[in-house]
Amino acid sequence: MGKALAKHQGFKYDAMKALKSALELNPTNLAILKDMADLYLISDNIALAEFHYKKILSMDPRDRHSAKKLQEISHRNDPLKVVGRKLGKLFGGKKN
Numbered sequence: 001m002g003k004a005l006a007k008h009q010g011f012k013y014d015a016m017k018a019l020k021s022a023l024e025l026n027p028t029n030l031a032i033l034k035d036m037a038d039l040y041l042i043s044d045n046i047a048l049a050e051f052h053y054k055k056i057l058s059m060d061p062r063d064r065h066s067a068k069k070l071q072e073i074s075h076r077n078d079p080l081k082v083v084g085r086k087l088g089k090l091f092g093g094k095k096n
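If you count the sequence shown from 1, position 21 lands on 21 in my numbering, and the numbers rise without skipping.
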């Protein structure tokens, strides 16, 4: 249910609430943790997304999805990319 709600912009809060409730019932469910991490990422809550992807990898080191998302986060937080995005916004350039 949380994943379905997350697909609609206005329901992200409800989606996270549903995922948190599901996680309380099953705290080691990797699918729920992935959905939460993905929702944090699309909501630009990078720190919590990163925390959950790392937690998933600690439970399943072969999880490719979480490893890929952590690489994306690392790339997103690259200082040169951050400066480039800020300059682009200031001068009307395209986003990286």
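Among the hints, erroneous ones may be present.
What the hints assert, rightly or not - The calculated EDC-like cross-link candidates involving lysine to aspartate or glutamate, where the alpha carbons are at most 16 Å apart (straight line), are:
hint: 1; residue 1: K54; residue 2: D38
hint: 2; residue 1: K17; residue 2: D38
hint: 3; residue 1: K55; residue 2: D38
hint: 4; residue 1: K34; residue 2: D63
hint: 5; residue 1: K20; residue 2: D38
hint: 6; residue 1: K34; residue 2: D60
hint: 7; residue 1: K34; residue 2: E24
hint: 8; residue 1: K68; residue 2: E50
hint: 9; residue 1: K54; residue 2: E72
hint: 10; residue 1: K34; residue 2: E50
hint: 11; residue 1: K12; residue 2: D38
hint: 12; residue 1: K12; residue 2: D60
hint: 13; residue 1: K34; residue 2: E72
hint: 14; residue 1: K68; residue 2: D38
Stated by the list, open to error - Pair ranges (Cβ atoms, derived):
hint: 15; residue 1: K55; residue 2: F11; range: 21 to 29 Å
hint: 16; residue 1: H65; residue 2: K20; range: 17 to 25 Å
hint: 17; residue 1: F51; residue 2: F91; range: 31 to 39 Å
hint: 18; residue 1: L57; residue 2: D14; range: 35 to 43 Å
Quick caveat, the hints were computed from the structure, so don't treat them as lab data.
Glycine residues also receive a C-beta, built at the ideal position from the N, C-alpha and C atoms.
Structure-based check of each hint:
1. K54 x D38: With Cα atoms ~12 Å apart, K54 and D38 stay inside 16 Å; holds.
2. K17 x D38: With a Cα-Cα distance of about 14 Å, the restraint between K17 and D38 holds, given a limit of 16 Å.
3. K55 x D38: holds (13 Å)
4. K34 x D63: holds (10 Å)
5. K20 x D38: holds (13 Å)
6. K34 x D60: Holds, because 12 Å separates the two Cα atoms, which is no more than 16 Å.
7. K34 x E24: holds (15 Å)
8. K68 x E50: Holds: K68 and E50 sit about 11 Å apart, inside 16 Å.
9. K54 x E72: At roughly 13 Å apart (the allowed maximum being 16 Å), E72 and K54 satisfy the hint.
10. K34 x E50: The hint holds at about 11 Å.
11. K12 x D38: Distance ~11 Å between K12 and D38 Cα, so the pair holds.
12. K12 x D60: The hint is violated at about 26 Å.
13. K34 x E72: Holds. K34 to E72 sits at ~15 Å (cutoff 16 Å).
14. K68 x D38: Holds, at roughly 12 Å.
15. K55 x F11: 21 to 29 Å: holds (24 Å)
16. H65 x K20: 17 to 25 Å: With Cβ atoms ~20 Å apart, the hint holds.
17. F51 x F91: 31 to 39 Å: holds (34 Å)
18. L57 x D14: 35 to 43 Å: Roughly 28 Å apart at Cβ, these two residues miss the hinted range, so it is violated.
When each numbered hint is compared with the structure, violations occur for hints 12 and 18.
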